[in-house]
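Novice: Could you build all of it, start to finish, from the sequences and the hints given here?
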Amino acid sequence: DSGVTQTPKHLITATGQRVTLRCSPRSGDLSVYWYQQSLDQGLQFLIQYYNGEERAKGNILERFSAQQFPDLHSELNLSSLELGDSALYFCASSVGLNQPQHFGDGTRLSIL
Amino acid sequence: QQQVKQSPQSLIVQKGGISIINCAYENTAFDYFPWYQQFPGKGPALLIAIRPDVSEKKEGRFTISFNKSAKQFSLHIMDSQPGDSATYFCAASMGGAGSYQLTFGKGTKLSVIP
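These protein sequences, in sequence, are chains A and B. Counting from 1, position 76 in the first sequence corresponds to residue 79 in my numbering; the numbering is continuous, with no gaps. Counting from 1, position 88 in the second sequence corresponds to residue 655 in my numbering; the numbering is continuous, with no gaps.
FYI, nobody ran anything at the bench for these hints, they're computed from the structure. Bear in mind that the values here come from a model prediction, so they are computed numbers and not experimental data. Built from N, CA and C at the ideal position, the CB exists for glycine as well. Heads up, a few of these hints could be off.
Anything over 12 angstroms on all C-beta distances counts as not near chain B; from chain A, calculated [said to hold, decoys possible]:
1. I15
2. T23
3. G31
4. Q44
5. E78
6. A95
7. Q104
8. H105
With a Cα cut of at most 27 angstroms, we get these calculated DSS-like pairs of lysine-lysine [claimed, not checked]:
9. A:K12 x B:K609
10. B:K676 x B:K572
11. A:K60 x B:K673
12. B:K635 x B:K572
13. A:K60 x B:K624
14. B:K673 x B:K582
15. A:K60 x A:K12
16. B:K625 x B:K582
17. B:K609 x B:K673
18. B:K676 x B:K624
19. A:K12 x B:K638
20. B:K638 x A:K60
21. B:K624 x B:K582
22. B:K572 x B:K625
23. B:K625 x A:K12
24. B:K673 x B:K624
25. B:K572 x B:K624
26. B:K673 x B:K635
27. A:K60 x B:K609
28. B:K625 x B:K635
29. B:K572 x B:K609
Coverage of chain B stretches by chain A, computed from C-beta distances (three or more under 8 angstroms per stretch; other residues unrestricted) [unchecked claim]:
30. 606–612
31. 631–637
Specialist: In structure tokens form, the structure reads like this:
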């Protein structure tokens with residue numbers, strides 16, 4: 004158990020809908036990263052927050068957004084969902100910026 | 568543009584054998600190279616990591632070899648066991664003004680047969 008908690012584990016929804024994925028980092032970790040895992044693209048970095056502030060953006064679509072709250076949990080919001088958004092979404096956390104990242108077990112998003 | 572190339576895609580090793588997975592990177596600014604192990608239905612779990620100031624790091628049966636001039640690094644699993652059957656990912660990140668986000672290889676599916 005990595006100590007990173009992601010909810011829900013599975014999410015099934017339809018095209019055009021909006022969903023929110025939640026991540027609780029390990030106790031004491033200030034940095035949260037979001038990654039997308041798909042068969043064709045592999046594991047890709049989406050966005051990072053550090054102590055409540057956005058730190059970096061990767062290959063994140065404009066339809067996607069995220070935030071980190073004062074209690075350090077983070078949410079990834081995906082809107083106007085398309086079939087191609089079906090993937091595993093992972094959250095990782097680390098104590099600081101240059102520290103090992105520990106992953107949660109992900110949220111499997113299926114778009115019908 | 569794939570910044571971290573991993574090979575092979577799949578690997579079958581007999582129990583007790585040595586599993587070797589290779590990665591090559593392009594960006595010389597990368598300064599942290601972790602390996603992750605992923606079982607079906609689970610998230611990637613950090614296995615072992617190395618920084619470019621050393622050429623080798625060993626933790627139990629797992630060893631990373633790092634060749635800075637060739638921009639290559641590899642994972643060796645000694646005395647491979649059926650429980651090691653999983654997908655392995657190499658990754659790289661850079662610090663400084665960056666975010667330390669991980670750039671992953673495509674993964675290697677390892678099967679250890681009894």
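Novice: Taking the hints in turn, state whether each one holds.
Specialist: The hints, checked one at a time:
1. I15: holds, 16 angstroms
2. T23: holds, 19 angstroms
3. G31: Nearest chain B Cβ is 16 angstroms from A:G31, so the label holds.
4. Q44: Nearest chain B Cβ is 9 angstroms from A:Q44, so the label is violated.
5. E78: Non-interface label stands for A:E78: nearest chain B Cβ at 18 angstroms, farther than 12 angstroms.
6. A95: violated, 8 angstroms
7. Q104: The claim breaks: A:Q104 does not keep its Cβ more than 12 angstroms from every Cβ of chain B (closest is about 6 angstroms).
8. H105: Answer for A:H105: violated, closest chain B Cβ roughly 6 angstroms.
9. A:K12 x B:K609: Between A:K12 and B:K609 the Cα gap is close to 10 angstroms, so the pair holds against 27 angstroms.
10. B:K676 x B:K572: holds, 15 angstroms
11. A:K60 x B:K673: holds, 21 angstroms
12. B:K635 x B:K572: Holds, because 15 angstroms separates the two Cα atoms, which is no more than 27 angstroms.
13. A:K60 x B:K624: violated, 31 angstroms
14. B:K673 x B:K582: Cα-Cα ~24 angstroms, so holds.
15. A:K60 x A:K12: holds, 24 angstroms
16. B:K625 x B:K582: Cα-Cα ~20 angstroms, so holds.
17. B:K609 x B:K673: The given pair, whose Cα atoms are some 17 angstroms apart, holds under the 27 angstroms limit.
18. B:K676 x B:K624: The hint holds at about 22 angstroms.
19. A:K12 x B:K638: Not OK: A:K12 and B:K638 at ~37 angstroms, beyond 27 angstroms, violated.
20. B:K638 x A:K60: holds, 26 angstroms
21. B:K624 x B:K582: holds, 23 angstroms
22. B:K572 x B:K625: holds, 22 angstroms
23. B:K625 x A:K12: Given that 27 angstroms is the threshold and the Cα spacing comes to 34 angstroms, the pair is violated.
24. B:K673 x B:K624: With Cα atoms ~22 angstroms apart, B:K673 and B:K624 stay inside 27 angstroms; holds.
25. B:K572 x B:K624: Holds - the C-alpha atoms of B:K624 and B:K572 are around 21 angstroms apart, at most 27 angstroms.
26. B:K673 x B:K635: holds, 21 angstroms
27. A:K60 x B:K609: holds, 24 angstroms
28. B:K625 x B:K635: The given pair, whose Cα atoms are some 17 angstroms apart, holds under the 27 angstroms limit.
29. B:K572 x B:K609: The given pair, whose Cα atoms are some 23 angstroms apart, holds under the 27 angstroms limit.
30. 606–612: holds (count 5)
31. 631–637: violated (count 0)
Violation of the numbered hints given earlier is confined to hints 4, 6, 7, 8, 13, 19, 23 and 31; the remaining hints are satisfied by the structure.
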